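> Based on the provided sequences and hints, a complete structural model is requested.
Chains A and B, in that order, give the protein sequences. When the letters of the first sequence are read in order and numbered with our numbering, they come out as residues -19 to 321. When the letters of the second sequence are read in order and numbered with our numbering, they come out as residues -19 to 321.
Derived from the structure by calculation, the hints contain no laboratory data. The structure presented is a predicted model; accordingly, all values stated were derived computationally and were not measured. Only true hints are included.
Identical chains share a label here; the pair holds if one copy fits it or two copies do between them.
Cut-off 20 Å, straight-line C-alpha distance, at most; resulting in silico cross-link-like pairs (SDA-like, lysine to any residue):
1) 69 x 50
2) 85 x 26
3) 117 x -19
4) 40 x -18
5) 40 x 92
6) 117 x 30
7) 305 x 148
8) -15 x 16
9) -15 x -3
10) 40 x 91
11) 244 x 266
12) 119 x 26
13) 40 x 68
14) 117 x -17
15) 118 x -19
16) 69 x 290
17) 85 x 65
Protein chains: 2
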Amino acid sequence: MATLKDVAFLAQVHPSTVSRVLRCSENLPISAETRQRIMAAAIELDYHPDQRARALRLGKSNTIGLIIPDISNPFFADIAQSIEQECHKAGYMLMVCVSNEDQEKEINFVNNLTSRGIDGLIIAPVQDSYAHLVRLKKKNYPFVLIDRCFEEFETNAVISDNEASAFDAMEHLVKLGHRRIAFLSGRPTIYTIRKRLAGYLHAVNVYDLDRTPELISNGGFTFEQGYKECLKILSLPEPPSALLVSGNQITFGALRAIVETGLKIPEDISLIGFTDSIVTPFLVSPLTAITHPLRDMGARAFALLLQHMNAKERLPFSRIVVETKMLPGASTAPINEKMIA
Amino acid sequence: MATLKDVAFLAQVHPSTVSRVLRCSENLPISAETRQRIMAAAIELDYHPDQRARALRLGKSNTIGLIIPDISNPFFADIAQSIEQECHKAGYMLMVCVSNEDQEKEINFVNNLTSRGIDGLIIAPVQDSYAHLVRLKKKNYPFVLIDRCFEEFETNAVISDNEASAFDAMEHLVKLGHRRIAFLSGRPTIYTIRKRLAGYLHAVNVYDLDRTPELISNGGFTFEQGYKECLKILSLPEPPSALLVSGNQITFGALRAIVETGLKIPEDISLIGFTDSIVTPFLVSPLTAITHPLRDMGARAFALLLQHMNAKERLPFSRIVVETKMLPGASTAPINEKMIA
DNA sequence: GATGAGAGTGCAATCGTTTGCTTAAAAATA
DNA sequence: TATTTTTAAGCAAACGATTGCACTCTCATC
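Take a look at the structure:
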């Protein structure tokens, strides 16, 4: 790797001169001849400034970090994609880290990224703890939470109206005559899950629905876990007539369980999923889905972060709430008589 | 951010002593009392070594870079996920960059990452050019290509047997009686596409199939492009009785076109897709899919990279070929009479 | 009672850039 | 011609961590 010194030597000038020529475009007192010589040398040696030295000296790396729990989940992959594009537009690099829902790993990433001189951080936190984020806040390090946040801990965040959308989905099912509706989700320590569960319970209360505890299941986020939990629910003595599933991978797992059990959607069971996959319209039964404006979420998180990174003084925190949208499918139908029996 | 100096000051020792105490665990000549004092100070100040300074001094960053064309494509997202996990196991950080199939962007990423002191690089190249990779090779910078490689340019690579798998898929269709088979894919500048096309053409020759040029389409990689290209093909005066589609997103786009056109799979048209999505079994018609051992590909690419990064002397290049697998679905069927009419 | 061996620390250079300050020559002004 | 200004380029410190070398002690050994 060619260094400034190498270029300087080749051009027969001092390294500082090379630096100046390469950095400052206009009104630099330099002879055309020398500039020419330096440029030629830089190209000749395929010189690229060492970013770590630069970051060290400048205290700025033009890089931000993104920590997400799972990149093979299209939900986070799409968010990552949009953040990456915004970064690129703004001249930033993006460092993507995957916590795999492991709190320990997330903490390590935060430490590692900050000590790399990352300028800011966007995090979809695991939410088993947040002491590391409190430290970040204390150091006045700019960061934005995405999709998940802490009620009791004030930070920047871009989230969606989980509770309302779960309630709406329930209402939709209730209007079709369903009174025994199961709720399938990941860990309830997570903000989105808690909120959706709250929306579910709210609907259960308002419409006085069946409250068998077995109808609520929080097994985990994966395809496999969704599959197993759904099988369990379907084999209840009195299985539900409808299912509200929270999460991309879980929904597909549930789908597998339903297909394997031989049930037809929506004739035998109705299904609404919190899912943002492009394939929902082409599933065995085109899925009624609650979708997020993922690109918008990513873009707004980055814009908010940028604002805080560029701020001279401490800005007040923002909590941006985006609206989900129910994508109508064909996976929900009025309850039929045999279900009740 | 606390520095070594801050810790040293608090512990009343020289920075170098702090560094030694924090780095070298065993047999360091240091009094227990001093060590104690230093440790306490480090914790008190929440000290984390500055990685850019460290990387600068050590010439090693314990970070590798991954450049992929599209992260919202599960194919690359899964590869990224597995590489990330391997990295983590080996104590490396992963920096993920998304080229969005833009050669310019890829070149920038390569320059930027290498000048960040990244220890190695895994790339799924855009393949419009490779001069930047030649430079990398010249500088003896360790890198591994994944999924796509260059026939005429020797490098490390982990790829799959694209040609054979396309041929096998075609053979499968031919045995069902299909003779008019369309091939839908992304840009033919890309290795995988070229190879799959070669497999397709080979089958066309061996079995003397219909060679109407309109049956071959290379519109692009996206869902939208797959949709449009497929519509075009379906509206041919003599539409094909079967479709071989190359790529995740394109396959779903084609699916949309088929569904919208009102055709039934496999009664009206057979479909085989190169796709690695977990949802293929639950589509309108459970899809016959050619799948890749994605986790394995990622793991092997990382292992190969690690080997080259740790090598004292120049190693010979490896080209690892993994086998694809045809996942049987229900989207292919024997040709029926009305198709031929 | 020198000499030598270790134990316990500090010093200073280094990695590659950047930038305020200085110097030196040339040009402009008095 | 003497002085100031402008132009052009070099010097050196700094960012934070690491490490070979050197230094000062304290013991034990010959």
